[in-house]
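Visitor: So the sequences go chain by chain: A and B.
Letter 140 of the first sequence, counting from 1, is numbered 140 in this note's numbering, and no numbers are missing.
To convert, take the position in the second sequence, counting from 1, and add 1000; that gives this note's numbering.
Since the hints were derived computationally from the structure, they do not count as laboratory data.
Since this is a predicted model, take the numbers as computed values, not measurements.
Any given hint might turn out to be false.
What the hints assert, rightly or not - Restraint-style ranges between C-beta atoms, simulated for each label pair:
#, chain 1, residue 1, chain 2, residue 2, range
1, B, I1122, A, D163, 57 to 67 Å
2, A, S71, B, L1107, 28 to 38 Å
3, A, R58, B, W1012, 41 to 51 Å
4, A, S160, B, W1012, 30 to 40 Å
5, B, F1229, A, S71, 17 to 27 Å
6, A, D219, B, W1012, 51 to 61 Å
7, A, R58, B, W1135, 37 to 47 Å
8, B, K1013, A, N172, 29 to 39 Å
9, B, K1013, A, S291, 36 to 46 Å
10, A, S71, B, A1251, 16 to 26 Å
Note that CB positions come from ideal geometry on N, CA and C, so glycine has one too.
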Amino acid sequence: MIIQTHSLTKHYKAGVFALRDVNLAMDEGVYGLLGPNGAGKTTLIGILAGLIQPTAGRATVCGFDTQRQVSEVRKNIGIIPQEYLLYPEFSAYEFLDYMALLSGLDLSRQTIMRLLEEVNLASVAKKKIKSFSGGMKQRLVVAQALAHDPPVLFADEPTSGLDPEERVRFRNMFSDLGLRRTVLLSTHITEDITAVTNQLSILHKGRLIFSGSIPELLDQCRRKVWERTVAREDWVTFKDHNLILSFVHEAETHSVIARYSPLSSKVTEGSTPLTPNLEDAYMLLICQHNSEQAE
Amino acid sequence: MKIFLRSFTAQWKLFVRDKVNWLFSLLVLVVALATNPISELPETTALGYIENIARITGYIASLLFVILYLRFFLSETAKGHNHLWSRNAFGDDYLLLKAGIGIVGFLTLIVPTVFVTFVLSISFFGIANALSAIWVWLLILLPPICFVIGLCSLIGLLINHVLIASGLIIIYLGFVLTRSVNLGNLLIFMPSLQMNSALIGFGPETEMLIYQRLFYVCVSLVLLTIAVFITDLRLPRVKPEHSWIAVSAMAVLGVVALSLSIRWGSELLNLQRLRSAEPNLQTRQSLEFACAGFESYRLQLELSADGAIASGLAEVELTSGRDLSALSLLNTGLAVDRFAVSGGDPLRIELQYHGSFVVPYYAYTVFDLPKEIEQIGYAPGAYLETNLIFLQKLGEWHPYALCSPDEITLILPADITINYNSADTEEIDGGMRRLQWQQPSEEILLIAGVNYQIEDQENQRIYLSPDAGHREDIRNEQYGTFFRLVWQHLNEMEVSDFALIPLPLIKQSFLESQTLTLIIPERSRQIDYMWPDDEVGYSLNVAMDVLQAWWCRQQACPDLADGLFSKGVDNVYSYAKGENTSEAEQEDTSSLPLIFYAGMKLVEEAEVPGFDQEALLESYRKWMRNEQALIPFNFIQEDQETLLRLADFDLQYGSEAFWDLFLTAYEKADEGWIEKDVLLELIGSVSEQADGIETGP
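Only chain A is shown next, with the shape it has when bound in the complex:
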């Protein structure tokens, strides 16, 4: 396994767990790490990158222990961070060169241009970063993560804030990168996952609540997702008895078309069964986990 964690736990203050007993195993390819904000995704990446020390448990990357063999781990990873700072007065080329130098790498011109080509920025290599769009900046950050050609790439919310076109471009780029690397794509956007991978793990409140393939997850939700048209006056009562996954108000008929999952075993009369998608499965899993914790 390229990435493996064993009972990984991290708590910052007494009672506040960022990660709790997380066991993961990832091989080559793209893996999705899904979870709401504050689920512990960034903490997990921090531990895997050797930036954060776990409270308990251990993790390995490419067979190297992230605590004891940090140096080896770092040789094998690249990070695309959620927050980043660029140097507006530098060109894309200068920025990559500088980042590489800071890492002790003396990249050739060809290598830098190849990296820029990989993220589709070769044509603007000499332009200053201050003239770049958000997506271009994000791609430049990807290029800096690839500067030392690492076999493992951690991407922390890389598509947040991008327009649809740029998001599609990013998804394709990650698919390509996953062909010969292990890419851990952390996000809370389910479409990003379905577009690039079949493998995902879901973190919620520091716990790993699912790890496997998307079909396995969808299988768990079969016959749990329904659709029903509800009269507007009954809508409040309906909402109380079901988990609403999505809904649309119908102005003409004064009704609401709801995609839902019943909170009890009883399905409301007049409902039609639907094939669940990843978003439905994710919502159901989170809801189920919340209910279990409440009990």
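Take the given structure of chain A and dock chain B to it, following the hints.
Guide: Chain B only, in chain A's frame:
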């Protein structure tokens, strides 16, 4: 190495492309030019000009560069840059690179100022002088900038927040820069021009200044070493695999820098501690009582090659009936090695001591001293440094500074150049020179050291410090001119042979009348700075100083000198409507207008260009009428009247009558002061006498 150099270039580009940094550069240039107007250049020297600009630049840079450097330094340590720190090599030489760019970047930013200054220096002083003065930039600016960078690196790493770290460092630097902190200085972040900051040392290379520079450079290295250590520990899990060579080099650097910091720091503390010259009012007042109880007081002193007191022996015999109560007045700068009491009545005391004695700055003469000290008069009596030894008979180099010794024996290495001594006997034995005084009558015992050169000019010897600039030459020349005139008018003879000794210790001149030696204050450039282009005021100052030296030659009258120079032409012109701002504590200060008017007469007689006595008197008349006028000395109302009365008298009865009046007034004065009634009475009687002569039968 290639990576290091390429990283260095890349970081330098990053630094200089930041436009905010160039605002700093512009600000430095503007302030440097505004505080040193081109119109004043003819009045100064290349060294003085560049020194002033470097000093101003140093003050501004020390404070503002903190923010620029911290912004740059912390640019990769912000939270969003964690990913960088997950790189293997990142952090190894990060801090050293940043510190290096800090220094090179700063030098880059001051290029416009250096260029403009250099061009102006070449135009006004010639290329040779400009080149010889350019090293001052590095000498003055590098220690504070190294210190700022070291401090910022350490505090920045600990706090990792630009604004908070900048605020704290600027407040701290404000304290260091202003040294004697007061709220006003801190609020405007502008130290007094008269004060030498601990951080930005300038002036001649005194021990204190050299130690200070070395101390700040070494402390900067210590701070950087600690910062490197913290970088390893604190920044996100950076634990690079250092080579043993790098670790050893850093360890050696750290230990050496720390040792040297402690060494220079302790030297500095020692020098500060040994500033026994620091006036101690209580001791000085009590000394009169102690001296009265001395039957005899003998001193033997041995100086080491560096001018420190290697050993001293004071032998005191008390008058019959006196006990030891008055003998606990030892100066704080001197350490007692042995204290032995023998005899019954009278008691005999042997006190063995050692120590050093340092007046740390050239600009000593412009130190702000407490009012009480100003009035008492503060002549520390000694100046002992590597290159300069100066001993007065009364001074804090011996335990009972104001008690006149009956016998002094001074032993010092024979290779120390003696410029002047008043010893009765002198012999050299075994590489040591032995000088002896019996009942020394002269104030100056010894001036020695390679710093002083003796020049003979038209029957006058001048002991010149190499640090004295062009303005000093003019001053010295005028001292000679005015001294000749004073002697001619008041002693009614031509002065044949006299000596001028500029010394950095004294605030006003004094006259050793037996040997015709005029000890004059060696001014710092700071005082010149207060006289932008006013040769007239400058000459008036010298004339008054010579007159007060003559006036106070037999009986010290320091409060008169204080009255003359603390509010008079030694400061700045008053330019306002007639308001009496003078706060003389002496009730009757009629001596002031008398000496001032006599000074005006000397300046007129010496034909100082630009001086117009009638125009100046007209200004005083306007002032009296409450009109706006420019006057060099802001007298109280009564003294203004006296001044104009003296002018009328002079106009009516002539110069000879005035100098007769001056001489008579001097004889009637008590501790330097003459009462107004007595002076007016004198004017009346001299007038009557003169009228009698003119209109007599």
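Visitor: Does the beta carbon distance between A:R58 and B:W1135 stay inside 37 to 47 Å, or does it fall outside?
Guide: 60 Å, violated
Visitor: Could you tell me whether the CB distance from B:I1122 to A:D163 stays inside 57 to 67 Å?
Guide: 59 Å, holds
Visitor: Indicate whether the distance between the beta carbons of B:F1229 and A:S71 respects the range 17 to 27 Å.
Guide: The hinted range 17 to 27 Å holds for B:F1229 and A:S71, with Cβ atoms some 19 Å apart.
Visitor: When you take the CB atoms of A:S160 and B:W1012, is the distance between them in 30 to 40 Å?
Guide: 34 Å, holds
Visitor: At the C-beta level, are A:S71 and B:L1107 separated by a distance inside 28 to 38 Å?
Guide: Holds, since A:S71 and B:L1107 (Cβ atoms, about 36 Å apart) stay within the stated range.
Visitor: Taking the CB of A:R58 and the CB of B:W1012, does the distance hold inside 41 to 51 Å?
Guide: 42 Å, holds
Visitor: Does the Cβ distance between B:K1013 and A:S291 fall inside 36 to 46 Å?
Guide: Violated - the Cβ-Cβ distance for B:K1013 and A:S291, about 57 Å, lies outside 36 to 46 Å.
Visitor: Is the gap between the beta carbons of A:D219 and B:W1012 within 51 to 61 Å?
Guide: With a Cβ separation near 59 Å, A:D219 and B:W1012 satisfy 51 to 61 Å, so the hint holds.
Visitor: Is the distance from the Cβ of B:K1013 to the Cβ of A:N172 consistent with 29 to 39 Å?
Guide: Once the Cβ atoms are compared, 34 Å apart, the range 29 to 39 Å for A:N172 and B:K1013 holds.
Visitor: Has the hinted range 16 to 26 Å been met by the Cβ atoms of A:S71 and B:A1251?
Guide: 21 Å, holds
Hints 7, 9 from the list above are not met by this structure, while the remaining hints are.
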